[in-house]
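Q: Note that the protein sequences, when read in sequence, are chains A and B. In short: position in the first sequence from 1, add 808, done, that's our numbering. In short: position in the second sequence from 1, add 808, done, that's our numbering.
Derived from the structure by calculation, the hints contain no laboratory data. Bear in mind the structure is a predicted one, so any value in this text is a computation, not a measurement. Be aware that a few hints might be false.
Any copy, or any two copies together, can satisfy a pair, since identical chains are not distinguished.
Unchecked claim - Quick list of in silico lysine to any residue cross-link-like pairs, SDA-like style, CA-CA up to 20 Å:
(1) K814 with A837
(2) K824 with E935
(3) K853 with D879
(4) K931 with S875
2 protein chains.
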Amino acid sequence: MGNKEKGSNAERELLKMFSASSWRAVRVAGSGIGEESPCDLIAGKGNQKFAIECKTSKDKKRYLNKSQINDFLVFSEIFGLEPLIAVRFNREGWFFINPKDFGIEDTGRLLAISLEDAKQKGKRFSEIFSQSEDFSDLIS
Amino acid sequence: MGNKEKGSNAERELLKMFSASSWRAVRVAGSGIGEESPCDLIAGKGNQKFAIECKTSKDKKRYLNKSQINDFLVFSEIFGLEPLIAVRFNREGWFFINPKDFGIEDTGRLLAISLEDAKQKGKRFSEIFSQSEDFSDLIS
Chain A
809 MGNKEKGSNA
819 ERELLKMFSA
829 SSWRAVRVAG
839 SGIGEESPCD
849 LIAGKGNQKF
859 AIECKTSKDK
869 KRYLNKSQIN
879 DFLVFSEIFG
889 LEPLIAVRFN
899 REGWFFINPK
909 DFGIEDTGRL
919 LAISLEDAKQ
929 KGKRFSEIFS
939 QSEDFSDLIS
Chain B
809 MGNKEKGSNA
819 ERELLKMFSA
829 SSWRAVRVAG
839 SGIGEESPCD
849 LIAGKGNQKF
859 AIECKTSKDK
869 KRYLNKSQIN
879 DFLVFSEIFG
889 LEPLIAVRFN
899 REGWFFINPK
909 DFGIEDTGRL
919 LAISLEDAKQ
929 KGKRFSEIFS
939 QSEDFSDLIS
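In isolation and in its complexed conformation, chain A is listed as follows:
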């Protein structure tokens, strides 16, 4: 299975988790043929709206291309979405991480997070998405 296919499978796995938690989530397909998508998923519920970049890792550290993440942050800003990077470490599951919690490596070209930091700084799906912090639907 190629990297692209693995990435698509990971995105679909997350989509199912959102659907199961009554979030509205869709995949973002990029802006042209062959062009990289600026963001993998957008997910919303009540007043909460997230842009999500999905990554998987077989190792204990995940590296990201800084220019790609900058593009993702610009996209999030334009559409008023809160940016989150979702990393699935093998046998550890998904962590949802604020882009600011990534370290900078390789003289600024790469961002990185270790599994250890992901556990400490990241959140689990249920911590962010399962409990609705927005009860406005109930009282309006």
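Dock chain B against chain A, hints included.
A: Below, chain B alone, put in the same frame as chain A:
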């Protein structure tokens, strides 16, 4: 060329128009395998953010499925996007129409707009997207 392919070509044509006008636009790919996308494109620039449903028509009237458009409006609302329906009539080009300007037909099951009404109530690409109404970037 099938309907699905025609639809994709129309979406790509619009994407190019947005890119040429320095808008950020992406395709929305739906939330699962085989599932209909709730929206074709999202486009943003400055403080303006639109959800766009793309349709083409060989005839002088375009019908839409009301339940599909309801889904589109819910999606737009969740993500804080202004909904617009883009209809390309053969040899007439694109019209950008407020969903409220469609008439209701077939005892509420369908929405429809004639080419004549599209010309009267709809806007051309350049009227909405070419002139930036947002100069905040210049003064901040």
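Q: Give a verdict on every hint.
A: Now the hints, each set against the structure:
{"no.": "1", "hint": "K814 with A837", "verdict": "both (16 Å within a copy, 17 Å between copies)"}
{"no.": "2", "hint": "K824 with E935", "verdict": "within (17 Å within a copy, 39 Å between copies)"}
{"no.": "3", "hint": "K853 with D879", "verdict": "between (24 Å within a copy, 14 Å between copies)"}
{"no.": "4", "hint": "K931 with S875", "verdict": "neither (24 Å within a copy, 36 Å between copies)"}
Violation of the numbered hints given earlier is confined to hint 4; every other hint is satisfied by the structure.
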